[in-house]
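Each chain is listed here by its residues.
2 protein chains.
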Amino acid sequence: MTAVSQKDSLRAYCLDLAQRARLASRQLGLLGREPKDAWLRASAVALRRELPKILEANGRDLAEASGNGLTEAAIDRLRLSASRVEDIAAGLESVAALPDPVGEVLESVVRPNGLRVRRVRVPLGVVFFIYESRPNVTADAAAICVKSGNAVILRGGKEAAHSSQALVDILTRVASEHGLPANAIQLVNTADRDAVGYLLALNDYIDLAIPRGGEALIRRVAAEARMPVIKHYTGNCHVYVDRSADLDMAERITVNSKCQRMGVCNAAESLLVHAAVAATFLPQVSKGLAPFRVELRGDPATCALLPEARPATDEDYATEFLGPVLSVKVVDSLDDAIAHINRYGSGHTEAIIANDATAAKWFTDRVDSSAVMVNASTRFNDGGHLGLGAEIGISTDKFHARGPCGLRELTSYKFVVEGEGQIRE
Amino acid sequence: MTAVSQKDSLRAYCLDLAQRARLASRQLGLLGREPKDAWLRASAVALRRELPKILEANGRDLAEASGNGLTEAAIDRLRLSASRVEDIAAGLESVAALPDPVGEVLESVVRPNGLRVRRVRVPLGVVFFIYESRPNVTADAAAICVKSGNAVILRGGKEAAHSSQALVDILTRVASEHGLPANAIQLVNTADRDAVGYLLALNDYIDLAIPRGGEALIRRVAAEARMPVIKHYTGNCHVYVDRSADLDMAERITVNSKCQRMGVCNAAESLLVHAAVAATFLPQVSKGLAPFRVELRGDPATCALLPEARPATDEDYATEFLGPVLSVKVVDSLDDAIAHINRYGSGHTEAIIANDATAAKWFTDRVDSSAVMVNASTRFNDGGHLGLGAEIGISTDKFHARGPCGLRELTSYKFVVEGEGQIRE
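Protein chains in written order, with the working numbering: chain A, 1164 to 1588; chain B, 1164 to 1588.
Source of the hints: derived by calculation from the structure; they are not laboratory data.
Source: prediction; values computed, not measured.
Be aware that one or more of the hints could be misleading.
One copy or any two copies: either way a pair holds, since identical chains are not told apart in the list.
Said to hold, decoys possible - Below, a list of computed lysine to any residue pairs in the SDA-like style, where the Cα atoms sit at most 20 Å apart:
id: 1; residue 1: Lys1524; residue 2: Pro1264
id: 2; residue 1: Lys1524; residue 2: Gln1190
id: 3; residue 1: Lys1321; residue 2: Asn1518
id: 4; residue 1: Lys1321; residue 2: Leu1186
id: 5; residue 1: Lys1321; residue 2: Arg1282
id: 6; residue 1: Lys1216; residue 2: Val1331
id: 7; residue 1: Lys1524; residue 2: His1325
id: 8; residue 1: Lys1170; residue 2: Ser1339
id: 9; residue 1: Lys1524; residue 2: Arg1279
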């Protein structure tokens, strides 16, 4: 085939995929809760039963992993085991246990002329989910999209192609056994990167794109998508230690926010300390961070207090390190902390440690981020921990959904209005 | 000045405007209900008191109107009078009477680890509102944006420049008297169309664009905006008369949907009639529409029953006429009507006339439009009539807000999480 006809055939494949998804979404949106939950529960059973098949497929991905140039950490994320497959199966069961958002009446009024107006929750339609290597995400995303009544097009990393295919094979087979439309879940079957661009142009058939992965992937999707995108570019999260803070609590929360898992979006990247407590707190927190070998990059006031700190550049305050580096700054006031955060932050997650409730309210009112924590770790900005039950991503945009996105965040609504012949005068 | 330096200075003006709006929005978002409502009520008083000044400014717009090539209808929309200014003032008072959405707790849970999680409603931030000639829209939009805590940048048509300026002068003067930030409401002070493009690129400072006007304006804004847009391109609205319909009601609703006001987005453009009632209903509705001189364009079955109908083209079924033309089709089933609507409709408003409740539910479940009416006129898809109190536009998108958009639709939320030192294990 010539290059041109190869591209034409790829384009046709993507269009077909999107149109099938649109048709499936119309049927899926009409299903009640029961077939969707039955599918989730039966899929969990099937995953457990077909563990050897899944591990065999995963083994093929692992065999190709070093050829694909994967790091040790990436290989670890790619690797499935009996216990990881059990986690995936349990995840499906927990989504089954969540309430079905579709059909929920958000509001209901009777107008003076007798019209009965209801705002009824409906699915968005078709979700295009683009993600990197971890195979468990394949099952999570399918569960959340389909439970919320949306058809999903999955585009996973090629590193996990065999594992994802094995999981999707099981999910789609069980779906058809439970009366779900055949194309409710589709996996893009080519590693050609152009397929992503073609699909992102199909806003007549795809209602939402969700990228999950590194910043480069997310920026590419946001730039090319003609449909809305749920995303965050970075999580440059701050912990601010107020002059009223309990310093032991502040140390515990700083260490947890930074170190409990360093490579994730809700990990802290920057520490702001009120000048009144800096001389006590900075040496204390430096000691707390030492076992995790966190490099501190500070302003002159920090460096004067901590010989182990290196000078921070302006760029450091804007950086999401995703690793063992923390930028540090001594601030003269609560307002200085807020101004710093609203300038350098990415609107993801910030925390204040304070015993002064007025200071805490001042901070939560003025910090413009998806989640603002008072005396708690930034690591709690997560669908599970905030009570959404499941999460497909975290949004730092303010339009539609902000913060962790679960089932309801993948829905819209329509107005249904019932009358007895009312007309406008 | 050279053309280049003129463009640079326009660009600098737009950037300054947007940055001022962003700063104002941060203050505005923190205000409670009272100063905003006091501003709205005092503005209503000031508009009434300064009626002569407003009419004088409007007179200047009217004097330039024929030079600007405005049609009679456009001049009528532009013209203010004592009673129209009274309507504007009363509109401000009615927005004052609506609840303040800002600060509303949308959800509140206590997690097993003791974290108290609240989802708190916050303003979107800065709204860029682009509209055509009617000066009353200037005051309406300012009221809705500011009451919902958003700073607004208004870009009206140049035909109404003097009238809009007079209204904004009053609104901003009263705003500063009531402690609102000076740049909460800003009017773009140039007719240069490039200003719109420059502002639409400033997504760091502007959170939302709302175009209100003809389809060309809306398409331009949607194509250029780097921020989200609340919009509908067209309202190709349908009335479907089921075999179970009360035909007198169906006639009344069809005539009202088509003729009560022809140039608006929620007016009907297409009539679908079940074959079982077509022979009775089509002559009846044709007679009902005759006084309004509505031209009927029908499929062969319609033309066979109505000698006065002309043949419809495929294009006619996709057209928003905004005037005295109605496309008509006889359908063999409810499902045929739904398929036709989901193919040709614009997702705005559709109505079913039916006594069969099962048919009505089948229709409202499957028609994918922002509002679906049962036995009521399409003209009710309007913020006032659906109980939102006020409306800044109607969205046919499913993301964020769908249907009429009032105060709450101009808001987002943030998660505020309070703990006593909780960390993730």
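Alpha-carbon proximity context of Lys1524 and Gln1190, limit 20 Å: So Lys1524 and Gln1190 pass the 20 Å test across copies only (15 Å; inside, 46 Å).
Lys1321 and Arg1282: within-copy, between-copy, both or neither at 20 Å Cα: neither (41 Å within a copy, 37 Å between copies)
20 Å Cα threshold - placement of Ser1339 relative to Lys1170: Answer is neither: 31 Å inside a copy and 60 Å across each miss the 20 Å cutoff.
Within, between, both or neither: Lys1524, Pro1264 at alpha-carbon 20 Å: Answer is between: at 19 Å across copies they meet the 20 Å cutoff, but 32 Å inside does not.
Intra- versus inter-copy proximity for Leu1186 and Lys1321 (alpha-carbon distance at most 20 Å): neither (27 Å within a copy, 45 Å between copies)
Status of Arg1279 relative to Lys1524 across identical chains (alpha carbons, at most 20 Å): Classified as between: cross-chain Cα gap 14 Å, same-chain 40 Å, threshold 20 Å.
Status of Asn1518 relative to Lys1321 across identical chains (alpha carbons, at most 20 Å): Neither way: Lys1321 and Asn1518 sit 49 Å apart in one copy and 55 Å across, limit 20 Å.
Lys1524 and His1325: within-copy, between-copy, both or neither at 20 Å Cα: neither (50 Å within a copy, 43 Å between copies)
Up to 20 Å CA-CA - Val1331 versus Lys1216, copy category: So Lys1216 and Val1331 pass the 20 Å test inside one copy only (12 Å; across, 69 Å).
Violation of the numbered hints given earlier is confined to hints 3, 4, 5, 7, 8; the remaining hints are satisfied by the structure.
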